[in-house]
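A.B. asks: So the sequence lines, in the order shown, correspond to chains A and B.
Going by the working numbering, 180 is the number at position 180 of the first sequence; the sequence numbering is gapless.
Going by the working numbering, 1142 is the number at position 142 of the second sequence; the sequence numbering is gapless.
Wrong hints could be hidden among the right ones.
Stated by the list, open to error - No farther apart than 25 Å at their CA atoms in a straight line, the calculated lysine to any residue pairs in the SDA-like style are these:
| no. | chain 1 | residue 1 | chain 2 | residue 2 |
| --- | --- | --- | --- | --- |
| 1 | B | K1103 | A | I420 |
| 2 | A | K286 | A | K494 |
| 3 | A | K430 | B | T1095 |
| 4 | A | K166 | B | K1061 |
| 5 | B | K1106 | A | E226 |
| 6 | B | K1106 | B | T1095 |
Everything labelled a hint here was simulated from the structure, so no lab data went into it.
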Amino acid sequence: MEVLSLLYNGFTVALTAMNLGLALLGALLGTLFGALPGLGPINGVALLLPIAYTIGLPPESSLILLAGIYYGAEYGGRISSILLNVPGDAGAVFTTLEGFPLSQKGLGGPALALSGLSSFIGSTLAVVGLTFFGPLMSKFAISFGPPEYFVLMVFAFSTITVLMGKRPVKSLISVVIGLILAVVGVDSTTGVLRYTFNEPELYDGFEFLTVVVGFFAVSEVLLMLEHYNSDTFHLPKIERVYISLKEFLMCKWAILRSAVIGFVIGVLPGTGASIASAVSYTLEKKLSDKEGTFGNGDYRGLAAPESANNASAGGALVPMLTLGIPGSGTTAVLLGALMLYNINPGPMLFTEQPKLVWGLIASMYIGNIMLLVINLPLVKVFTKILQIPYWILVPSVVVLAFVGVYSVNLSTYSLMIAIILGVLGYILRKLNYSMAPIILGFVLGEIMEDNLRRALSMSGGEFGIFFEGRINIVLWILVAAMLFMPIIIKIIKKKYFKS
Amino acid sequence: MIDRIFALFLMALAAFIGGYGLTFDVPFSYDPLGPKAFPVALGALLFVLSFIVFLKPADIKAGSKSSILRGIFFIGILVFYQLSFNLLGFLVSTTITVYFIAKLFKGRTLQSIITAVCISFSVYVIFDVILKIPLPLGKIIEKMVG
Chain A
1 MEVLSLLYNG FTVALTAMNL GLALLGALLG TLFGALPGLG PINGVALLLP IAYTIGLPPE
61 SSLILLAGIY YGAEYGGRIS SILLNVPGDA GAVFTTLEGF PLSQKGLGGP ALALSGLSSF
121 IGSTLAVVGL TFFGPLMSKF AISFGPPEYF VLMVFAFSTI TVLMGKRPVK SLISVVIGLI
181 LAVVGVDSTT GVLRYTFNEP ELYDGFEFLT VVVGFFAVSE VLLMLEHYNS DTFHLPKIER
241 VYISLKEFLM CKWAILRSAV IGFVIGVLPG TGASIASAVS YTLEKKLSDK EGTFGNGDYR
301 GLAAPESANN ASAGGALVPM LTLGIPGSGT TAVLLGALML YNINPGPMLF TEQPKLVWGL
361 IASMYIGNIM LLVINLPLVK VFTKILQIPY WILVPSVVVL AFVGVYSVNL STYSLMIAII
421 LGVLGYILRK LNYSMAPIIL GFVLGEIMED NLRRALSMSG GEFGIFFEGR INIVLWILVA
481 AMLFMPIIIK IIKKKYFKS
Chain B
1001 MIDRIFALFL MALAAFIGGY GLTFDVPFSY DPLGPKAFPV ALGALLFVLS FIVFLKPADI
1061 KAGSKSSILR GIFFIGILVF YQLSFNLLGF LVSTTITVYF IAKLFKGRTL QSIITAVCIS
1121 FSVYVIFDVI LKIPLPLGKI IEKMVG
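Hey, can you work out the whole structure from these sequences and the hints?
C.D. replies: Here's what the structure looks like:
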């Protein structure tokens, strides 16, 4: 099979000493960033990306490291969820529901073991999915022209709008803010300066990392200032990290179902770990909660969201690598990383950059095995890290963020922009606007406008071109289905509860 | 209330983006749409959406006075960091910044001083010396060295 030989070539890339080391480093840092409350995968990737770039790592090595942080964080997030009832990152919120009651019963060890195994199975199944669906999807996507691309982005933004955040209007506003930020700079086709205010540093537009660090790292610290309390955590004692085969087998269907759900939700543009874990937990509760054990520490309810949030990370890489459309907030940052290396993401990536794509996929098989070891026998080391006080943690993050932003073009101007965007991000977050849609809008803005204008050049200004051809029609139907989904779900719920 | 005020701000921003966008004239464009349409459309869309939020704002309470003051203090530290980064150099500027952030997160004075010195020196060594990512030494120190 062609796929297997490509995967074999990928392993020759991933198994070099440097890339193995980077996968291990990514796994360790990812678990760390996931475990520390407040610092999720996005911050982890944003802090490491400038370092990887400026020290001149080749793109595939850079991506192996950064992706390791991404899926590693989905493992790490469970630790503080289970032990402290504080989700380590957004994808681990539902892990607290069963995980914390278990640890209160003195079953913290088995809970960590089961959730670690579920993470491993979810994550690995998603990589298998990526291995086989990725090439298929990229072959299909090669037939996309500018009009199809534009409509595809409309679809991406409609899923983000409907599925993310509490109020669709606010999610859409976030998308639009991201798109507007992307307009700033020289217009590539005509050379007109747009919103640059005679500031030469803005001619190239906003630097990608500046935007990510501002909206995420800086605003995160501002939020921490409100929430944190200086009391040191009381960590429950863990005797042994193990799970009996019987208990594990009880959860096998929950794990497999949730892996599939997580993968599919991950593939959908813009929706990542938090939605995947919410859906899988809710479904598992409906299907399995016959004795009312959910909420009091049910193993199945713990395994489901952990399997799903890890699977969503692998799923989110599918549209990112095949279509150039990120499946989640963190993959938007990974996409930005590719652009930093002047690699054009899109359906040609699989054929033009086989070393990068297959090296990354192969490294994910290896990385997951590393993560299993890190998160089962060595998990106790990471529980110690939870005790790092904020007065060491926060300044370290701030300094690394500043050095990262500064190092990309050795200018302090971007630091000021990061601060301003940080304040804006803080206000937006306080008012329940989501951040991930902004980054997605920002990353996709230029490509979206470019495809819109190219499509209209092809048609001589006729908008009808967006409604021609089978692919466009299917995409518009998907857009409509997505927009009506909240209503459809309501109707189904009504019927379900009536019967 | 805050939600409504911010929606007004977004509407003003949208009007500015749309209005400014209308001035992006080019003598000749290769594509029928030109550089104007996309930003103007985004401005219009943002205006309509934030008007919806303005009409139906959510009831969101502002943070407590002390947390806002701490936030402003934190931003002040960051602005100081940005302004002093090249002037005082990475080491001095970072040491001062880290000290104040550590204090803000309730570190004791001695703890904060040790944290500040350790972070600034270790980051400097890792980045400038080992990874060869140049960090500014500082205009003042450079003058002294000659």
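A.B. asks: Now, for every hint given, state plainly whether the structure supports it.
C.D. replies: Each hint, compared with the structure:
no.: 1; hint: B/K1103 with A/I420; result: 23 Å, holds
no.: 2; hint: A/K286 with A/K494; result: 15 Å, holds
no.: 3; hint: A/K430 with B/T1095; result: 30 Å, violated
no.: 4; hint: A/K166 with B/K1061; result: 17 Å, holds
no.: 5; hint: B/K1106 with A/E226; result: 13 Å, holds
no.: 6; hint: B/K1106 with B/T1095; result: 17 Å, holds
The structure is inconsistent with hint 3 alone, although it conforms to all the rest.
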